[in-house]
Amino acid sequence: MKASLKRFKASYFFYSFKRDKVAMVSFIILVIFLLLSLGAPLISPYNPYDSASIDIMNSEIPPAWYEEGSSQFLLGTDNMGRDLLSTMFYGLRISVMIGLGAVFLQAFIGISVGLTAGYMGGKVDAVLMRMADIQFSFPYLMVAIFISAVFQILFGIGSYEQLAVPLLVVIIGLSEWPVYARTIRASVMGEKNKEYVEAARVIGLSRPVIMVRHVLPNTLTSVMVISTIQVANAVMSEAALSFLGLGMPVTMPSLGSLIKSGFEYIFSGIWWITIFPGVFLILFVLVINLLGDWMRDVLNPKLYKG
Amino acid sequence: MFAFIVRRITQAIFVMLIISMVGFAIKNKIGDPVRDLVGERVTPEERAQIRDRLGLNDPFAAQYIRFLKNVTKGDLGQSFFYKKPALDVIVGKAPATLELVFGAALIIILISMPLGIYTALKPQSTLSRFIMGFSTLGVSMPVFLTAIMLIYIFGVNLHWLPSYGRGDTVDLFGNGWWQTGFLTLDGLEHLILPCVSLASIMLPLFIRLIRSEMMEVLETEYIKYAWAKGLSPMRIWLVHAFKNTLLPVVTVFGVQIGIMFAFTILTETVFQWQGMGYMFLEAVERSDISLLIAYLIVVGSVFVMVNTLVDILYGFINPTVRIAGRK
Amino acid sequence: MSHLLEVEDLEVKFALRGGDLTAINGASFTLDPGEKMGIVGESGAGKSVTGFAIINLISKPGFISGGRILFNGEEISTFSDEKMRKIRGNRISMIFQDPMMTLNPVFTIGTQMVETLKAHRNISRHEAEKIALEKLRKVYIPSPEKRLAQYPHEFSGGMRQRIIIAISLLTDPALIIADEPTTALDVTIQAEIMDLLQELCDTDEMGLILITHDLGVVSQVTEKMAVMYAGKIIESGATDEVVMHPTHPYTKGLIKSLPGMIKPGEDLYQIPGMMPNLTDIPPGCAFNPRCPIKEPVCLEKEPKLLSTKQGIMAACHMVER
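Chains as they are written, first to last, in this note's numbering: chain A, 102 to 407; chain B, 67 to 393; chain C, 556 to 876.
You may find that some hints are simply not true.
If you only want the chain B side, here are some residues facing chain A, beta carbon under 7 Å, derived [what the hints assert, rightly or not]:
{"#": "1", "residue": "Ile92"}
{"#": "2", "residue": "Phe220"}
{"#": "3", "residue": "Val222"}
{"#": "4", "residue": "Trp226"}
{"#": "5", "residue": "Ile325"}
{"#": "6", "residue": "Val350"}
{"#": "7", "residue": "Ser353"}
Think of the hints as simulated: they come from the structure by calculation, not from any bench.
All residues carry an ideal CB built from backbone N, CA and C; glycine is no exception.
Isolated chain A (complex conformation):
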């Protein structure tokens, strides 16, 4: 462990990270976000999911620096009387959970399919890639929206509540696995012909072992590169679904649902319910994207030589 850490510190990866200010700042901000989301129950002044602590009479209070604001609610309250700051933290938490969960699912399915298709080739490859192509031709958002819509109609809003988070993870996870499948497959096909694979075969290792223990680690750079975009996409998809009312229910709002509930109010001057969660969300996705951009530049072998 120590040796790998030492190697990492001396690596080009770490070196260019330290030199790129944008990457460092983004990373720090991202860590802050993650800490906020993890520690939401601990640091939020209120628990927005506890209906007992919410008083509808508190609704639509402006941020603390306004005259009508109160120091109790730093960023104001939403239309149900929930403290905006706390709800944003909890909402961020949901976004992180769903974002990471969906991407793990996507990656798991996608990598398994891509690895198998790339390594086995032939008929297996053709069939699997056909499936991926077909799904690929549909924009993931449409698929997600449609599935959510059907689910809502089918099961009604009630039982939806408990299932919401895992359901969203599954929906978003299922809608984008082809991205991983294609990327891994391309990578695997490149690695397949290299000597170490032949060596492993000669030793007599079984196919699954070769695939997972030898080929897979070498394809992980491409996985890392697309994962950041995918997390950003997943977070935005969840926000979009919630905004449409097809995502998180009103009692467990995510950033998207907050934005939705605040939308009608901006015309009457009550801007904070939409704008604060909005900016928060943009910032979160932005740092993920910036880090992803930087990682892509560093890991790209073409630019590496340069």
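Model the placement of chains B and C on the given structure of chain A, informed by the hints.
Here is chains B and C on its own, set in the frame of chain A:
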């Protein structure tokens, strides 16, 4: 080549069948065609009678075949809410969405090309860095947020542009079907914010795409040779490099148009734009299954057709114009 | 006495992350009108860079860091891009290595020929096409009228290279720089193309700089030659002399390794070792690790290119002057 086309088309038909099957299955299990036809105020006996008459107690396969037959005749079921054939409803709302997509596409083309070329030619300039930074920002903003921000700044605060609706429209074909907003000043004003919002999804993507494609092209042997021939920089960049860049970009563009349709759902919601997307959401709220499934089939088919067409077109362009010359 | 081309102590560097890398370390040679010269060396020796340096078209991050290049008496190495443009493709034409990659696949031959002419002459498209047809005939392309409307991929490799040669002749240049013009072609076509080049240069009094690793071609076509090693010219002189009586140990090794130089049944000769990477050039004479006759002075001092007894120039401490 011919075999390729046939294969592609068979695949397309196969996909459409799957879509229709999924759609039908949902409709069958969840939808209530009796309610669609006669509303809710019917007695249980009448309901049973109507179900029998409609053949709703037949086996699944038989119903599916009937469904397919109807689809080919243009009958996608009856919208419960609008009390009209679903297809009519969709076709009626289509122009609004189509204008939105068209306007957005126009903005994308007009802006991504010059910006993409510029950032490829001068990647280190301040303006380029600014554009690229802006594009990263654009990618990080979900379309509905862009829309809301635009409304907030330009509509609510500055009062420069309207925040919802289509404004005054004019009948394009004289038969009441296509109401266009492009021919009135008010309509155009109403088109600006929604089209910009919709374009904001694809714009960063295209700027980056054009930029990276062009940067790759600029490194090729034939561009170097063009320099060796002593051609003017303008000609090299705008004629040679750009034409080679355009080909892959055009194919991406075709597919992305389809994807834009998905995002119209979000945009139309924010702007209360009476198009197909808005209709979709209303149908969800009202549990109007027939309309939902009809939407699925129509949009799905358009998708599959556009994708197939683009694939076939690319097959034509590619072998003869193999983008050789890359190092 | 004005040479057509005079290269004096040319120095080319590449600005890399870790510092500047010297790709060409003081190359000098001259070329007169109608003269054919060869620049020989292994891959990475710097010969292509030399060719590109003459028309100041070195790929970034390369740049000319020293020396002079005089074309018809004018110092062109410091010319602005605008002025250089008037020379490139006009007074000095360049032929690249792989004709498939050199012609833009999405434009017709006609377009690519006419645009070259229109970039340098104020003539109509019709006149440009006439000149194009004339040059196509000169390179023996059958039915040239039909060719103008065709695309590069519709031609064979040999035909494409002929077209490239035709393009290089469009403006009746004074000098043609040919960078490995036959490497990407079949052996039989190679001979045809070299014969064509030779004939054209002879009839039109054009100078030719032939950059190649193929000693055989050089000995057939050129009148004088320069041998490059690790960025330096280590031997130069009349082609016949250099090939028949090489003085520098490297050149001797090169000649010895030609398959035609051994009797059937013998092993082929190979110079032991490899040419060093430009980042790793040993001190003193760059060839010393592989040299069979090295002495202590070779490890310390860089040899200069000086005349030998036989009248050729060699950069070696061990050579008799």
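Self-check item: Hints the structure fails to honour
Solution: 2 and 4
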